[in-house]
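Guided by the hints, dock chain B onto chain A, whose structure is given.
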Amino acid sequence: MKIVVCVKQTVDTAAEIAVEQGVISWGDTPLVLNPWDEFAVEEGLRLREAHGGSVTALTVGAESAQDALRSALAMGADNAVRISDSGLEFADSLVISTVLAAAIHKLDEVDLVLFGREAVDSNAGVLSAQVARRLGWPSLALTAAIPVLTPADKSIEVERMLDRGRQRVRSSLPAVISVVKEINEPRYASFMGIRKASRVEIPIWSLADLGVDSVQPGVAWLEMSAAPQSDVACEFIEAVDEAAAAQTLVARLREEKVI
Amino acid sequence: MDFRLSSEHEMIRKMVYDFAQKEVAPTITEWDQKQEMAPHVLEKMAEQGLLGICVPVKYGGQGMDYISLGLASEELEYVDTSLRVVLSVHTGLCCLTLLQWGTDEQKKEFLPKIASGELIGGGAFSEPGAGSDFASMQMTARRDGDDFILNGEKMWISLATKADVAIVTTRSLLDAEKPSQGLTCFLVDLHSKGVTTGDIHGKLGVRAGSTGWIAMQDVRVPAKNMIGTEGEGFKITMSAFDNGRYTVAAGATGLIRAALDASVKYAAERETFGRPIMEHQLVQAKIASMHLNHEIAQLLYLKAGWKKNMGMRNTLETSRAKQFATNASFNAASEAVQIHGGYGFSDEYPVERFLRNSKGAVIYEGSNEIQTLIQAGYALGKRRDKPLRCELPAYDEDAWLEE
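Going down the list, the protein sequences come from chains A and B.
Start counting the first sequence at 639; every next residue gets the next number (my numbering).
Start counting the second sequence at 750; every next residue gets the next number (my numbering).
Bound conformation, chain A alone:
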């Protein structure tokens, strides 16, 4: 099976985010492989172990994004490709999905594309569906399990996570899947993987390499500003019992014109 895992370099969720002169800053906190993408890489590796084939990690980004690819390689991915171009500076997901779909075409005969459910910096979670649409492949978002995969029949069954319960879906391959954390437990990088990841030359593809003309984003970021600071005060409701506490709370909420 030829499996592609799309990964992203993101800010560590523990970082302190600030906006300075319209530019987002996270200080010295290192960037990390998008935590959701670790589950996608792990699933790709497990499917490779079960069915054979290869796992290629794919990303769009500047040089620093190589670290996300090296993390995937250190976990055990076979190959990695980085897409980088000056024309991608203000890319939104419409642009990124175009570029990723072109790269997946270029990789040729891909059976399965995996995404983490969303990137922790944007929290949009739409890229996997957009890529699927551009490829003309089924989109199986929020997958929590892959109980059946029959590469020879080009068939897959997944369990998708719903608000309540799960939905079992059968689809043809190739397909695009986004995964949730319930799907697996990502492995640590191995020493062998780390060694390989640190040495491998990662090819860089430009828009020209992908045969993509200049792409225009659908969204323009006009201004970036920090969220307004708010003073938080905590008031404890004292009462003899829960019923009295509830009444007092309702009265307070009415006073504050919340309800």
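To be clear, the hints were calculated from the coordinates, so they are not data collected in a lab.
Hints may contain errors.
Unchecked claim - Straight-line alpha carbon distances no greater than 30 Å define the calculated DSS-like cross-link-like pairs of lysine-lysine that follow:
(1) A:Lys834 <-> B:Lys1056
(2) B:Lys1052 <-> B:Lys973
(3) B:Lys973 <-> A:Lys834
(4) B:Lys771 <-> A:Lys834
(5) B:Lys857 <-> B:Lys973
(6) A:Lys834 <-> B:Lys1052
Frame of chain A, contents of chain B only:
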């Protein structure tokens, strides 16, 4: 001069950090309170390849360099000292002693099972009556045909009840001109008849670790398990300390960082006089001191690791690194408790565990007073490194990765 860590080193650091955070951090307080080692720790460390991190692949290890050992030690002790102690004794004292002093046959026979973690290794040197004055140690080894018979007791031995094998220093030449010349090392199977072990409880710190005693009564050890030659035991033991001590230095660096991070976090949350305490200058002074000392400690141990990589003798550098980092970690932990105020005095926060743990390293692996004497010897020109019959091999990537 490039002070940056390689991408390989950065990835190793991150991997070990992630491992310790996930596998140990969530339950460390509980195990520390129980004064027991969590049963899964050794197995998980072995699975991940940590126990043989810097041992050549052909001997069952992961083929990384000595700096990787230091980085792993720092990240492990960031969570708890007990984790780093495993690396100190299994990898530092046992594996690297075999790598340095073992014959080819011994390396092939003994190292693969130990480096892979199939067997847990340790180092049994100090005794109830012999710590700093190591040359006066008493455990005997008497030749009996193709074997030696060991009698005596070792104390304050990490992993005493967990290890399967240990490098044990004995006195085999009772008529040696100097006490230090009468010592001989063996690799001892701790499951042999006559070996008994026990845990020491009631320690101030490293309570989630295993520290104990090993008693030997007429324990038969094959002569082929002698490491080095008869009478070479003192030099071998001191070499072992150069490696164990290096991991202690690196680990203490992690402890400084743990104290620093805990202090920064608390200082941002706790308010006094209407503002976070991080805005008070005396708190800032404490945090700045930890920050500086972490940097110094890291530079010192990385230099020692670099010298090991180059095959250069590093007794002085390791001594400096160990002494500085452990003193600084004790200070950092103490100040972290102070910054936490009353809460620092309770196990609701980890800083009291950091303080209790930090004191051990000031004492063991060569007390910091002994480190001062070592360094004074070098500074006064009274101590010079003479070439050893066997030196710790320089890191050679091709040789280390050869299968």
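The hints, checked one at a time:
Under the criterion of a C-alpha separation no larger than 30 Å, the hint pairing A:Lys834 with B:Lys1056 is consistent with the structure, at around 25 Å. Straight-line distance between C-alpha atoms of B:Lys1052 and B:Lys973 comes to about 36 Å, which puts the hinted pair past the 30 Å bound. Taking the CA atoms of B:Lys973 and A:Lys834, the gap is near 38 Å; set against the 30 Å cutoff, the hint is violated. For the hint linking B:Lys771 to A:Lys834, the alpha-carbon distance of about 24 Å falls within 30 Å, and the restraint holds.
Between B:Lys857 and B:Lys973 the CA atoms are separated by roughly 13 Å; this keeps the pair inside 30 Å, and the hint holds. Simply put, A:Lys834 and B:Lys1052 have alpha-carbon atoms about 25 Å apart, close enough for the 30 Å limit, and the pair holds.
Consistency with the previously given hints fails for numbers 2 and 3, ordered from lowest to highest.
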